Amino acid sequence: MASEMAQPGLWARVQRAAVERLHIRLESLLVLVALSAVMAVLSPYFLSFSNFLNILLATSTIGVLAIAATFVIGSGGLDLSLGSVMGLSGVAGAFVAVNLGWWSPLAVVACIIAGGIAGYINGQLVTRAFVPAFIVTLGMLGLARGLALVISQGRAIYGLPPEIVYIGQGRPFGVPMPVILLVLTAIVAHCLLAYTRFGRHTLAVGDSEGAARAAGIRVEHHRRIIYTLSGALAGLAGLLFTARVNAGDPTAGINYELTAITAAIIGGTNLFGGRASILGTMIGALIMGVLQNGLTLLAVQSYYQQMAIGAVLILAVFIDQYQVRKESRV
Amino acid sequence: MPAFIPKINRFTLAFGVAMALCAATSAKADDAEYGVLMKTLANPFWGAMSQGVEAGAKGAGVKIFEQAAESDQAAEPQLNLCNTMLERKPAAMITAAINSTNLLPCLKVAQEAGVKIVDLDNNLDQAVLDKEGIKVTFHIGSDNNAAGAQGAEYLVSKLGKDAKGPVLVIEGLSGNITGEKRAKGFADKLKELAPGLEIVASLPGDWDRGKAASIATDTLTAHPDLVAIFCANDGMALGAVESVYAAGKGPQVTIIGVDGNSDAVKSIKEGRLNASVAQLPYLVGKQAVENVKKALAGEKVEDSIAVPTLVLTKEVIDAGKEPMLEYVK
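So the sequence lines, in the order shown, correspond to chains A and B.
The opening position of the first sequence corresponds to residue 1 in full-length UniProt numbering, with each subsequent residue numbered one higher.
The opening position of the second sequence corresponds to residue 1 in full-length UniProt numbering, with each subsequent residue numbered one higher.
Heads up, a few of these hints could be off.
Anything over 10 Å on all C-beta distances counts as not near chain B; from chain A, calculated [unchecked claim]: (1) 113; (2) 245; (3) 272; (4) 292.
Which residues of chain A face chain B? A partial, calculated answer using Cβ under 7 Å [as the list claims (entries may be wrong)]: (5) 51; (6) 99; (7) 103; (8) 104; (9) 154; (10) 156; (11) 158; (12) 207; (13) 247; (14) 254.
Read the hints as simulated data drawn from the structure, not as lab findings.
If you're wondering where the values come from, they're calculated on a predicted model, not measured in any experiment.
Ideal Cβ positions, reconstructed from N, Cα and C, are used throughout, including at glycine.
Work the whole structure out from these sequences, hints included.
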């Protein structure tokens with residue numbers, strides 16, 4: 001700390017470089033590292049490769065949903081239907097593979113298409129019917145869940161073909177498939193958001209719709225794409241879930257949207273749009289994953305775990321706001 | 001900006017202190033530790049089960065390590081908990097799976113690691129387990145079919161073998177195996193014992209008190225001479241009780257629930273609900289731990305252990321002589 005004092009500006013330079021190059025705020029990374037260190041000290045089981053994989057595996061579906069939430073929230077929107085759409089997609093995939101007995105890759109496509117359609121409908125309603133995103137996606141939350149229950153007749157569709165189960169339970173090179181898929185999705189999403197025109201437009205729309213329109217961005221069109229993308233990602237999460245538990249479960253993903261949004265916010269996404277980072281979101285998701293895993297290893301009851309996650313959310317946003325205010329004062 | 005650094009450290013410190021407190025209250029690992037994974041504790045049934053597990057562990061002198069999912073629909077979070085619990089290398093995993101498939105990947109890993117697996121409350125499906133190649137040390141729980149049958153026996157003992165009249169059955173959530181077994185057990189036994197009592201409707205009440213109340217009201221309109229209502233759980237039975245009393249037919253209709261939860265006991269004592277077939281989750285939890293200890297010691301344990309159920313009525317509760325009453329929580 002003393003050395004930081006001796007060279008004022010070093011922390012600021014590192015921080016700025018992190019924000020500019022990696023699009024993350026170092027505070028969230030510090031919290032993650034500190035939290036991991038604390039867990040490692042407290043539990044002898046925490047620091048092991050298999051436990052590390054456990055954490056990533058437990059974060060995989062939520063992580064994919066959180067990526068979706070990052071795009072939507074970054075563009076100034078909101079998607080409360082993520083968890084339900086995930087449940088619907090998983091059921092759709094299981095229905096195609098098990099009940100219809102179609103070729104497995106078609107079931108994979110069915111998951112993503114089902115999610116994409118739900119997202120597209122969200123987008124259409126938000127941009128053409130002028131119903132607020134909160135209401136549209138809240139409606140979709142009920143619609144998608146209901147449809148999932150109708151398709152599955154309220155029961156999990158069990159017994160997927162081995163190729164699909166492999167997506168959830170396979171371990172090439174010892175790494176669980178959902179982890180690999182999460183990492184790949186995150187890399188693609190990061191590049192999309194940070195280095196493409198699409199990503200810049202997303203944040204521009206979220207920052208100021210009027211300015212984005214004045215700059216010639218087709219705001220409505222862009223929003224529809226983002227909601228569709230969000231739905232498709234929820235579909236991917238549904239696929240991971242279904243493959244993992246080997247069943248299309250119509251109750252899958254209840255309340256996951258809230259966890260996904262929490263991960264994005266902890267990772268520094270501005271709830272009102274204009275600022276978002278996929279890497280930050282991944283750190284946010286990992287903070288929650290590490291917290292849950294560590295507290296479980298320490299045999300702390302689940303009620304306290306929920307409290308801890310709530311506290312971290314408030315803390316993270318507090319730190320974030322503190323930083324933002326400080327910058328705006330400068 | 002440097003002023004921010006101590007801030008972070010203070011947070012880290014706060015974290016550390018909080019975590020240390022958590023650690024101080026938590027048990028340290030042990031060779032003979034049993035992992036206990038529940039559905040959710042936000043339900044008196046599972047709360048009582050958990051108390052039973054703790055009592056069993058205390059009695060048997062073993063260490064347990066208990067976790068529960070946040071809700072009984074959190075299938076994937078429960079799987080994550082299961083995976084994490086395995087990191088502590090327990091000797092056995094006593095699991096109450098949220099559904100018959102969600103824990104399978106974890107149970108497979110547990111089996112490979114030589115951890116004994118117990119199916120608490122019969123949530124796993126033997127056919128699915130066979131298909132997945134998972135061997136469970138034993139299943140333990142209440143026999144829901146028998147609980148329904150006991151409800152029918154009580155009704156016939158109260159009304160007599162030659163009783164006649166319409167009977168309503170309010171089932172659980174459609175597709176839920178527990179509710180199905182209870183309703184079927186009741187219907188089969190009633191047909192056998194008193195064919196004059198005819199089930200005029202068997203409708204899903206979705207475990208919902210309000211829905212059951214509406215069903216009871218509607219059925220009373222269609223069948224004003226209704227003599228009995230059997231509900232697949234106590235919550236619904238308590239809803240039905242309110243409808244029946246509101247219709248002024250309290251003494252005429254015999255109402256039976258299943259579970260033996262504290263609200264039902266209260267209502268039975270007040271003379272409103274006639275009976276509840278009490279599942280004894282406390283006893284299930286206790287016996288689960290005791291039997292795991294036996295199995296680990298190499299003793300023979302039955303594949304499927306049915307913990308008895310008890311018909312609670314005003315007489316039984318007031319008399320207080322039934323030894324199993326102590327397990328009604």
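Cross-check of the supplied hints:
1. 113: holds (22 Å)
2. 245: Residue 245 of chain A not clear of chain B: closest Cβ-Cβ about 5 Å, inside 10 Å.
3. 272: holds (23 Å)
4. 292: About 7 Å separates residue 292 of chain A from the closest Cβ of chain B, which leaves it inside 10 Å; violated.
5. 51: Because about 5 Å separates residue 51 of chain A from the closest Cβ in chain B, which is inside the 7 Å limit, the hint holds.
6. 99: Hint violated; residue 99 of chain A Cβ to chain B Cβ min 15 Å, cut 7 Å.
7. 103: At about 22 Å, which exceeds the 7 Å cut-off, the nearest Cβ of chain B leaves the hint on residue 103 of chain A violated.
8. 104: Status violated, d = 18 Å.
9. 154: holds (4 Å)
10. 156: holds (6 Å)
11. 158: holds (5 Å)
12. 207: Hint on residue 207 of chain A: violated, closest Cβ of chain B at ~24 Å, above 7 Å.
13. 247: Since the shortest Cβ distance to chain B is 4 Å, the answer is holds.
14. 254: Interface hint status for residue 254 of chain A: holds (5 Å vs cutoff 7 Å).
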